[in-house]
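Novice: Note that this note's numbering has the sequence shown beginning at 898, numbered continuously upward.
Do not take every clue at face value.
[As the list claims (entries may be wrong)] Label-pair distances were calculated between CB atoms; the ranges are: (1) L914 - D982: 41 to 47 angstroms; (2) T942 - A922: 30 to 36 angstroms; (3) R951 - S1007: 18 to 24 angstroms; (4) G1022 - P974: 53 to 59 angstroms; (5) A924 - Y947: 22 to 28 angstroms; (6) P956 - G918: 43 to 49 angstroms; (7) M1028 - E1004: 16 to 22 angstroms; (8) G921 - R951: 34 to 40 angstroms; (9) G908 - G949: 25 to 31 angstroms; (10) M1028 - A924: 53 to 59 angstroms.
Simulated from the structure, these hints should not be mistaken for lab results.
Cβ atoms here follow ideal geometry from the backbone N, Cα and C, with glycine treated the same way.
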Amino acid sequence: MNKITRRQALGATAGALTALGLAGATAHAAVTGSRTAVPATPAGTVDEVYQGRRIRIVPAAGGGDDHGGHHGGHQSPGLPTVLIDGRELHVMRNADGSWISVVNHYETFSGPLPLARAAVRDLQGAVLLPMGGM
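Generate coordinates for the entire structure from the input sequences, incorporating the hints supplied.
Specialist: Quick look at the structure:
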């Protein structure tokens, strides 16, 4: 007589339960539409990791004359907001079209991205503090 061993019974049970679990998860995913929607990134937005720091540049909201001012972000219309690890890097656009920041005030850059990368290098891991201290 051919008897089934405990090991064979457990193996068959485990295989059947795995197949049922996968089938159930697949059916649930198909019904609920579990695909994660990727939010649309506005044109001109930069979001990258550079030397372990997250740089995010959001273009100006519009309405500005794009001639610059003292600080970027919410304090000067027309300039992009430059964030390093979620903290704002204050930027200024010079009359000749070059860019400077509070971290690299005596060195000019061709745009906000090279400026932000240079600030990351110069910070050497230090946290960017808000203007005017804490």
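Novice: Are the hints correct? Go through all of them and say.
Specialist: Quick rundown of the hints versus the structure:
1. L914 - D982: 41 to 47 angstroms: holds, 45 angstroms
2. T942 - A922: 30 to 36 angstroms: Holds, at about 35 angstroms.
3. R951 - S1007: 18 to 24 angstroms: With Cβ atoms ~21 angstroms apart, the hint holds.
4. G1022 - P974: 53 to 59 angstroms: Cβ of G1022 to Cβ of P974: about 32 angstroms, so the range 53 to 59 angstroms is violated.
5. A924 - Y947: 22 to 28 angstroms: With a Cβ separation near 43 angstroms, A924 and Y947 fall outside 22 to 28 angstroms, so the hint is violated.
6. P956 - G918: 43 to 49 angstroms: Given a distance of about 47 angstroms, which is inside 43 to 49 angstroms, the answer is holds.
7. M1028 - E1004: 16 to 22 angstroms: At roughly 19 angstroms between Cβ atoms, E1004 and M1028 fall inside 16 to 22 angstroms, so the hint holds.
8. G921 - R951: 34 to 40 angstroms: 38 angstroms Cβ-Cβ, so the 34 to 40 angstroms window holds.
9. G908 - G949: 25 to 31 angstroms: violated, 47 angstroms
10. M1028 - A924: 53 to 59 angstroms: At 54 angstroms between Cβs, range holds.
Comparing the model with each numbered hint stated earlier shows that hints 4, 5, 9 do not hold.
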